[in-house]
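Peer 1: According to the numbering used here, the sequence shown is numbered sequentially starting from 1.
Listed next, with one range per pair, are the computed distances between beta-carbon atoms:
| no. | residue 1 | residue 2 | range |
| --- | --- | --- | --- |
| 1 | 152 | 230 | 48 to 58 Å |
| 2 | 63 | 235 | 33 to 43 Å |
| 3 | 63 | 141 | 39 to 49 Å |
Simulated from the structure, these hints should not be mistaken for lab results.
We put the beta carbon where it would ideally sit given N, CA and C, even for glycine.
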Amino acid sequence: MEAIYPYNIIYAKWRNPESGLKTDIALVGVQASKNPFLLPEVASRPDALANAENVLFDTGSTPDCGDIGRLFTRDGKVETEINGQRIRVDGIFSMGQTLAAYGHAVVGMETYQRLTGLPSGTINLGLIRLARGANAEEAARRLQKVLPEDVEVLTRDELIRREQTYWQNNTPVGFIVMAGMILAMFVGAVIVYQILYTDINDHLKEYATLKAIGLGQGFFIKFIIAESMILLFIGFLPGMLVSALLFAVADASAGLPTQITLSGTLIVFSCPRSCV
Numbered sequence: 001m002e003a004i005y006p007y008n009i010i011y012a013k014w015r016n017p018e019s020g021l022k023t024d025i026a027l028v029g030v031q032a033s034k035n036p037f038l039l040p041e042v043a044s045r046p047d048a049l050a051n052a053e054n055v056l057f058d059t060g061s062t063p064d065c066g067d068i069g070r071l072f073t074r075d076g077k078v079e080t081e082i083n084g085q086r087i088r089v090d091g092i093f094s095m096g097q098t099l100a101a102y103g104h105a106v107v108g109m110e111t112y113q114r115l116t117g118l119p120s121g122t123i124n125l126g127l128i129r130l131a132r133g134a135n136a137e138e139a140a141r142r143l144q145k146v147l148p149e150d151v152e153v154l155t156r157d158e159l160i161r162r163e164q165t166y167w168q169n170n171t172p173v174g175f176i177v178m179a180g181m182i183l184a185m186f187v188g189a190v191i192v193y194q195i196l197y198t199d200i201n202d203h204l205k206e207y208a209t210l211k212a213i214g215l216g217q218g219f220f221i222k223f224i225i226a227e228s229m230i231l232l233f234i235g236f237l238p239g240m241l242v243s244a245l246l247f248a249v250a251d252a253s254a255g256l257p258t259q260i261t262l263s264g265t266l267i268v269f270s271c272p273r274s275c276v
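I would like the entire structure built from these sequences, with the hints used as guidance.
Peer 2: Here's what the structure looks like:
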């Protein structure tokens with residue numbers, strides 16, 4: 001192990017400095033001298049985190065939190081409240097909203113304890129940086145053997161998979177997304193079927209003529225499959241372009257970071273082909 005980083009996170013009430021509206025955000029506490037964040041705007045500010053009055057705020061948070069980026073750029077600092085206690089924005093970064101939080105703020109451990117009232121030494125997570133070339137799974141197994149039973153050791157990949165499984169299987173959001181995907185595939189299959197059915201029905205005389213001159217059943221099966229593939233390609237490219245546009249709109253309007261990945265694109269492209 002190269003380093004261990006204490007990490008705390010809890011929901012807190014952020015006060016909009018302009019409207020006074022209070023919004024739930026994720027408040028993150030880290031040690032100023034042991035900051036696990038890779039974001040340059042956070043990693044380069046141990047001075048701000050060491051001050052018990054300061055906070056670094058995520059400008060990608062919901063607009064309900066206020067236009068903190070504009071206020072900070074104009075005034076150099078922003079005075080507001082977290083959990084009813086005074087706090088000063090001494091830096092900004094951009095991370096964006098998640099399904100779990102409308103916004104984020106990062107503070108030092110002393111500030112975290114002051115704002116939450118939690119006793120010193122309270123730790124939610126311990127982040128471990130392994131030496132280069134170390135096996136994460138093996139290190140996790142060894143640590144799990146020596147730590148108490150109420151402490152769970154997970155690799156980064158295991159934690160990501162657990163979060164994904166939770167949101168997919170245990171929340172309404174996951175159900176809605178999965179139901180939407182299944183419904184979209186079903187509707188797409190019905191549309192393709194109707195197009196093929198109509199086209200074949202409109203050309204029955206031509207097909208009868210081709211069969212009469214000796215073309216076998218295999219020819220017609222290959223022909224229909226080829227036509228299905230053409231429809232797939234014709235519909236796939238515009239569909240991906242529209243999806244990319246909708247993702248950009250969702251990112252801009254809701255602040256949720258969305259993107260089209262190569263693996264996701266290949267899955268979307270492969271599923272209809274398998275059906276065909």
